[in-house]
Amino acid sequence: NAGVTQTPKFQVLKTGQSMTLQCAQDMNHEYMSWYRQDPGMGLRLIHYSVGAGITDQGEVPNGYNVSRSTTEDFPLRLLSAAPSQTSVYFCASSYSGPLGNIQYFGAGTRLSVL
Amino acid sequence: KQEVTQIPAALSVPEGENLVLNCSFTDSAIYNLQWFRQDPGKGLTSLLLIQSSQREQTSGRLNASLDKSSGRSTLYIAASQPGDSATYLCAVSRESQGNLIFGKGTKLSVKP
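If you read the protein sequences in the order shown, they are chains A and B. Its first residue numbered 1, the first sequence is counted upward by one per residue in the working numbering. Its first residue numbered 1, the second sequence is counted upward by one per residue in the working numbering.
Honestly, the hints are just simulated from the structure, not real lab data. Ideal Cβ positions, reconstructed from N, Cα and C, are used throughout, including at glycine. Any given hint could be a false lead.
Stated by the list, open to error - With a straight-line cut-off of 35 Å between C-alpha atoms, the simulated DSBU-like cross-links for lysine-lysine are:
(1) K107/B x K14/A
(2) K111/B x K9/A
(3) K107/B x K1/B
To be verified - Every beta carbon over 12 Å from chain B, so not counted as near; a handful from chain A, in silico:
(4) Y64
(5) N65
(6) R77
(7) L111
(8) L114
Bound-form chain B, shown alone:
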């Protein structure tokens, strides 16, 4: 059974720091991996999607990498801002229209 783990569960950093969020999964037979952002009391917003054949994706200050063989992904946030404060969720899918298996998230707080 696929399990997704995110470390750390919570992270507090001062504004301007570069930071890394980690995601690991137990079964390397994935189709893709997605990183989501969830603000308190809100739904999920897709940040980056990495296909299993890709190594990384970038969007603005965000960079996500994927090492499928080792079952790991990282989300790198450059020059963090207070507006980046949210919970970040990692999820994997086995199929192209497949269901997502989520980690429990990392709650990020960026202090001004």
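Isolated chain A, as found in the complex:
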């Protein structure tokens, strides 16, 4: 059981480049989300999805795009990278069970924009 898998683990971009951060989960969870973690800021929600075909914005959505064509995958697209997007990005998935909605996180993608 792989859980939540994020690729790549590390990435360096130049300002203005675009890229897609991949996230896949094999637990058949309906809910998936993307967070960014910055020093002194904690984790902040970028976008989330409650199921295939449904996405919505979180706290810091500007400069990012998402889509959810399957239950398993939830890619995050940087349209035109900026130095302010240098961060660690985490993908998470969850389901509502008897113990509540425990969220499972991927190992993260460390992105540097020069």
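Starting from the known structure of chain A, arrange chain B on it as the hints suggest.
Only chain B this time, still in chain A's reference frame:
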């Protein structure tokens, strides 16, 4: 707007001590509260989840309590070990499949 605060930001203790990490939140209308552990360069691992109707949850040497009316939660770690060294994050959710609002974490160092 919900805000989550964790005190202290960092804590260093000798091995074997019992310790308490604190988490406070400004809006008591939460669905649940979770405590996570994050090791350097790694993702987050869920430790304990407390539903809003519960007062505490226990897992091994960890005990988390919730006082929703006062907007507080504590994570108690008994008989700390060097392997407990990590950053501990508290997060609250307003809905069952809701998004998490995180505190900035407490960085714990347990010295042998």
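Status of the hints after comparison with the structure:
Pair hint K107/B plus K14/A holds up; C-alpha atoms about 32 Å apart against a cutoff of 35 Å. Annotation: proposed proximity of K111/B to K9/A holds, straight-line Cα distance about 30 Å (limit 35 Å). For the suggested pair K107/B and K1/B, the alpha carbons sit about 25 Å apart, so the restraint of at most 35 Å is met. Listed as a non-interface residue, Y64/A keeps its Cβ farther than 12 Å from every Cβ of chain B; the least gap is roughly 15 Å.
Against chain B, the non-interface label of N65/A holds: every CB pair exceeds 12 Å, the least being about 18 Å. With a minimum CB-CB distance of about 20 Å to chain B, R77/A clears the 12 Å threshold, and the non-interface call stands. For L111/A, the shortest C-beta to C-beta distance to chain B comes to about 14 Å, beyond the 12 Å cut-off, and the non-interface label holds. The Cβ of L114/A lies farther than 12 Å from every Cβ of chain B, with a closest approach of about 21 Å, so its non-interface assignment holds.
In summary, this structure violates none of the numbered hints.
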